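Taken in order, these protein sequences are the chains called A and B. According to the working numbering, the first sequence holds residues 28 to 414 in order. According to the working numbering, the second sequence holds residues -8 to 333 in order.
Honestly, the hints are just simulated from the structure, not real lab data. Here the structure is a predicted model, which means the values were calculated and not measured. Keep in mind that the hints are not guaranteed to be accurate.
Stretch-level coverage of chain A by chain B, calculated; a stretch enters the list once three of its residues show a Cβ under 8 angstroms from a Cβ in chain B [stated by the list, open to error]:
(1) 177 to 186
(2) 206 to 218
(3) 257 to 265
(4) 331 to 340
Taking lysine-lysine and the DSS-like style, the derived pairs with C-alpha atoms no more than 27 angstroms apart in a straight line are [what the hints assert, rightly or not]:
(5) K80/B x K327/A
(6) K80/B x K206/A
(7) K403/A x K90/B
(8) K147/A x K350/A
Glycine included, each C-beta is placed from N, C-alpha and C at the ideal position.
These are the residues of each chain, in order.
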Amino acid sequence: MKKLLVALLVAALAIPAVAFGADTIKIGFNIPLTGDQPKVGEMSKDAAEMLQEKINGAGGLDVGGKKYKLEFVYVDNEAKPESAVNAALKLIEGDKVLAMVGPQASARAIPAAEIANNNKTVMVSAWSTNPKTTLDRPYVFRACFLDDFQGPVAAKFASGELKAKTAGVLYDVASDYPKGLAEEFKKSFETINGPKSVVAFETFTTKDVDFKAQLTKIIEAKPDVLFVPQYYNEVPLIIKQARDLGYKGPVLGSDSWGSAELMNLCGDDCKGQYFVTHYAAAGAKGATKEFIDAFTAKFKDTPDDVAALTWDATGMVLAAIQKMGALSNDLAKDRTALRDAMSTMRDYAGITGKMSFDGKTGDPVKCAVIVKINDKGEFAFHESVCP
Amino acid sequence: MGAEGLAFRAPFAFVTFLVLNQLAPGQDMLHTLMQQALNALQQGSIYALIALGYCLVYGVLLLINFAHGDIFMVGAYVAFFIASMAMGKYGLLPAGIPKWAVLAATVPLTMLLTSGVGVLIERVAYRPLRLKGANRLYVVITALMMGIILEYGNLSILGANRLSFPSLMPRMIFEPFGARITITELSAIVTCFAVFALLQWIVTKTKLGMAMQAVSYDKFAVPLMGIPLDAVIVFTFFLGSSLAGLAGLLYALNFPVLDPFMGAMVGWKAFVAAVVGGIGDIRGAFVGGFLMAFLEVAVVAASDYVPFIKPEMRDLVSFSALLIILTIKPTGIFGKPKTTKI
Chain A
28 MKKLLVALLV AALAIPAVAF GADTIKIGFN IPLTGDQPKV GEMSKDAAEM
78 LQEKINGAGG LDVGGKKYKL EFVYVDNEAK PESAVNAALK LIEGDKVLAM
128 VGPQASARAI PAAEIANNNK TVMVSAWSTN PKTTLDRPYV FRACFLDDFQ
178 GPVAAKFASG ELKAKTAGVL YDVASDYPKG LAEEFKKSFE TINGPKSVVA
228 FETFTTKDVD FKAQLTKIIE AKPDVLFVPQ YYNEVPLIIK QARDLGYKGP
278 VLGSDSWGSA ELMNLCGDDC KGQYFVTHYA AAGAKGATKE FIDAFTAKFK
328 DTPDDVAALT WDATGMVLAA IQKMGALSND LAKDRTALRD AMSTMRDYAG
378 ITGKMSFDGK TGDPVKCAVI VKINDKGEFA FHESVCP
Chain B
-8 MGAEGLAFRA PFAFVTFLVL NQLAPGQDML HTLMQQALNA LQQGSIYALI
42 ALGYCLVYGV LLLINFAHGD IFMVGAYVAF FIASMAMGKY GLLPAGIPKW
92 AVLAATVPLT MLLTSGVGVL IERVAYRPLR LKGANRLYVV ITALMMGIIL
142 EYGNLSILGA NRLSFPSLMP RMIFEPFGAR ITITELSAIV TCFAVFALLQ
192 WIVTKTKLGM AMQAVSYDKF AVPLMGIPLD AVIVFTFFLG SSLAGLAGLL
242 YALNFPVLDP FMGAMVGWKA FVAAVVGGIG DIRGAFVGGF LMAFLEVAVV
292 AASDYVPFIK PEMRDLVSFS ALLIILTIKP TGIFGKPKTT KI
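With the rest of the complex left out, here is chain A (with noise of 0.2 angstroms):
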């Protein structure tokens, strides 16, 4: 009696679960709500919810005539390496994604990475520009360019706009992107002006607050630009403090600058500066004007470059998934069948610029953006970069 009750609850609750599991599609997202980075969990989640807004509006998405209606689930990874891994465990084992969009930031994608490929599972982080996070793992993407294109930039922007014929950086050791950013600068701007014309290449750890020291040095080395590869919360006391120290000349940073909050935190220390980034805000036009106008009439804020990506990323997603043509049900053959469907994206429309993957690597062939922080604190677009 007993087993034929257990039998008949199990029936009654596989039943719905398969016709559930049926026209609905589980992409997971793996982004910091809370901890360093708040913002860029916020904007990420903002993005995702307006495009699942728009695709479940419209009916659904359409995969080979069927329509399937978008779930989006997401795990708070507090912007830490550890809590990013359990977060990827849970969508993959747990929650049984098709997809994990994030996480973002590099120091969380390596690792969170590792535990996608292992599993099977197609992953594209939004916003990781570390090499390693896609290095030899077929099932990672990205939707963003990587450290190795953006170090070169930037100091091909240094040597020629800015004229620097030396440079100082200043980064955290501690954290895989800055190092990562820091130390391809370095190789680049000593190919263009020299060996040691980085004359200060200073260090420091997460959660810094005083950088006193390590500016006094730099100083002393009296660099023609300095390069800052490090987040929003970090910047403003890096640049008051290079200020208050005497420091007179640019400081050039990277996409890690492009976050709606960078401006709240610096006010008139940032503007005037320049940073490398995926796109700009001020000054955008066609499907991208587009996003940024509803993102921002739905959410009062101006998108950033988080939130562009993010929806890039959940786009190229979808557009993978309707060129797999159907869906087994069988979540295995789907995730692989979907990884070969990403592997091959040509041309992929995104408002960050046309992305097209080789089938070899998960990182995409795109161009970057510098960006001229205004006199108004918007960051607005300077010129274009392409490999």
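Add chain B to chain A, keeping to what the hints say.
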């Protein structure tokens, strides 16, 4: 007394160094050295101010108040809200109050409100345990929990976004002998020295201070002598927390990005500084704070000249050095040997 003399002699040695430096101008390296010394002095003043608060509470109650670093964080946030309000941000006061007036109001109000938080914590978390005669260990664990409650309470109320502290002082920079120091840094240093002198006076010369010493000496005999034990303890928390509030304000003026966990690491460092100086002794906390900062800056500054030393080894090297000091003198620089200690 000898070590105290040293603490007061150091600034004179520093001035001598400046004069010598002036005699040989144009030497970049000396300017850099001078700048690094100023950097350390400024960082040390923050450590010392927090360490003084640790030290006061420990000295009187033999309680390591692990929540102290987070009371410092609360101080910075309290200062933020008072300053924002006074600048007309929430519509309670008209905008356009001059900045010096805002600052003049923010300093005492921050100290008062933060000390209120400290006294409240003592009232709801520590006193019930003390009255039940709980072992000191449980009170220390309670302090640890209070710190975490403050951090995550702040996180859940205000969210994890950083706050930008308004600049209350003009951006004035002094250039003594080629090095540069901002007015906010200078005020942190001056305040720290003044507070140290004031505390020394309170503890050694006033009746309340002597009562504090008496409580520290024998908590059970003190009430028999007609000294109100609870009042002395409340006063200690009041004093210690108002110092944390002041440190929070000075810190926020210099590093104007606030987050709920800003007190954790600074608090730890200040605590270590207080222990190395000899916890329970005001001079110890003061000297320990500066020692910590000078060690940190020295590691970064030396990294170019000493092989294998890198700036990221700052905490490793400075804490190792402090460990050596403790190994040689386990009671800290000014500490007196006692049989029981945590």
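Checked hints:
no. : hint            : result
1   : 177 to 186      : violated (count 0)
2   : 206 to 218      : violated (count 0)
3   : 257 to 265      : holds (count 3)
4   : 331 to 340      : violated (count 0)
5   : K80/B x K327/A  : 20 angstroms, holds
6   : K80/B x K206/A  : 39 angstroms, violated
7   : K403/A x K90/B  : 24 angstroms, holds
8   : K147/A x K350/A : 19 angstroms, holds
Hint violations for this structure: numbers 1, 2, 4 and 6, all remaining hints satisfied.
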